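S.K.: Fit chain B to the supplied structure of chain A, relying on the hints for placement.
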Amino acid sequence: EPEVTQTPSHQVTQMGQEVILRCVPISNHLYFYWYRQILGQKVEFLVSFYNNEISEKSEIFDDQFSVERPDGSNFTLKIRSTKLEDSAMYFCASSDPSSGNTIYFGEGSWLTVV
Amino acid sequence: GQNIDQPTEMTATEGAIVQINCTYQTSGFNGLFWYQQHAGEAPTFLSYNVLDGLEEKGRFSSFLSRSKGYSYLLLKELQMKDSASYLCAQLDTGRRALTFGSGTRLQVQP
Numbered sequence: 005e006p007e008v009t010q011t012p013s014h015q016v017t018q019m020g021q022e023v024i025l026r027c028v029p030i031s032n033h034l035y036f037y038w039y040r041q042i043l044g045q046k047v048e049f050l051v052s053f054y055n056n057e058i059s060e061k062s063e064i065f066d067d068q069f070s071v072e073r074p075d076g077s078n079f080t081l082k083i084r085s086t087k088l089e090d091s092a093m094y095f096c097a098s099s100d101p102s103s104g105n106t107i108y109f110g111e112g113s114w115l116t117v118v
Numbered sequence: 037g038q039n040i041d042q043p044t045e046m047t048a049t050e051g052a053i054v055q056i057n058c059t060y061q062t063s064g065f066n067g068l069f070w071y072q073q074h075a076g077e078a079p080t081f082l083s084y085n086v087l088d089g090l091e092e093k094g095r096f097s098s099f100l101s102r103s104k105g106y107s108y109l110l111l112k113e114l115q116m117k118d119s120a121s122y123l124c125a126q127l128d129t130g131r132r133a134l135t136f137g138s139g140t141r142l143q144v145q146p
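These protein sequence lines are chains A and B, in that order.
Using our numbering, you'd call the opening residue of the first sequence number 5 and step up by one each time.
Using our numbering, you'd call the opening residue of the second sequence number 37 and step up by one each time.
Chain A with its partners taken away, still in its complex shape (with noise of 0.2 Å):
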């Protein structure tokens, strides 16, 4: 079964740091995601990318954030000067509308800033 793959799985950064995590949505999908979850809370959308431009963002997703395609197949979240407060497990997403609403996830990227 296709599925989203993430690397790496988990990365420690000191504050201030520029982190960069890796996507690879499932091959045929047209819509990607990052979302968060900080520990012990609920899912959180950041951002949604199609046809290689951002079509949707939370106010989460500020100036730090930026996503990219940098090829056919990998999806990147760029975090510019992490802070301790974007210690978080980060899912990217995947869906076809062609094939429903359905998003699924990758295994996720454990961020921890120190």
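It cannot be assumed that every hint is accurate.
[Said to hold, decoys possible] Listed below are the simulated EDC-like cross-link pairs for lysine to aspartate or glutamate, each with C-alpha atoms no more than 16 Å apart in a straight line:
{"hint": "1", "chain 1": "A", "residue 1": "46", "chain 2": "B", "residue 2": "92"}
{"hint": "2", "chain 1": "A", "residue 1": "46", "chain 2": "B", "residue 2": "113"}
{"hint": "3", "chain 1": "A", "residue 1": "61", "chain 2": "B", "residue 2": "92"}
{"hint": "4", "chain 1": "A", "residue 1": "46", "chain 2": "B", "residue 2": "45"}
[Claimed, not checked] Quick look at which bits of chain B chain A covers, simulated, 3 or more residues with Cβ under 8 Å:
{"hint": "5", "region": "78–85"}
{"hint": "6", "region": "135–141"}
No wet-lab data here; the hints were simulated from the structure.
Keep in mind it's a predicted model, so treat the numbers as computed, not measured.
Idealized CB from N, CA, C, for every residue including glycine.
M.R.: Chain B alone, transformed into the frame defined by chain A:
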């Protein structure tokens, strides 16, 4: 923003049936999802309802009433592996992003 309410925790016995309720705001509604999430893992898709009624998929069923802004997930023949959080999530018209509830942590006991 959307306000999705579901119970924080539930406990049930192996082999039994449990119903997890979810209420949401009806304005702009375009679909209701249920996901299962084991601790430290990704949400896994369980069901999607956009029309009123019951959708059955094996041991899991999901119900939707659009007029009442209400859904439930029904789990039958509970197994220990069903111990997890169950997330209710709303899709709004014109959006692709899901808004999640806080999740219901289900503990299945022997």
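S.K.: Each hint should be assessed against the structure and marked as holding or not.
M.R.: For each hint, the structure was consulted:
no., hint, verdict
1, A:46 <-> B:92, "violated, 26 Å"
2, A:46 <-> B:113, "violated, 27 Å"
3, A:61 <-> B:92, "violated, 33 Å"
4, A:46 <-> B:45, "holds, 14 Å"
5, 78–85, "holds (count 5)"
6, 135–141, "holds (count 5)"
In this structure, the earlier hints numbered 1, 2 and 3 are contradicted, and the remaining ones agree with it.
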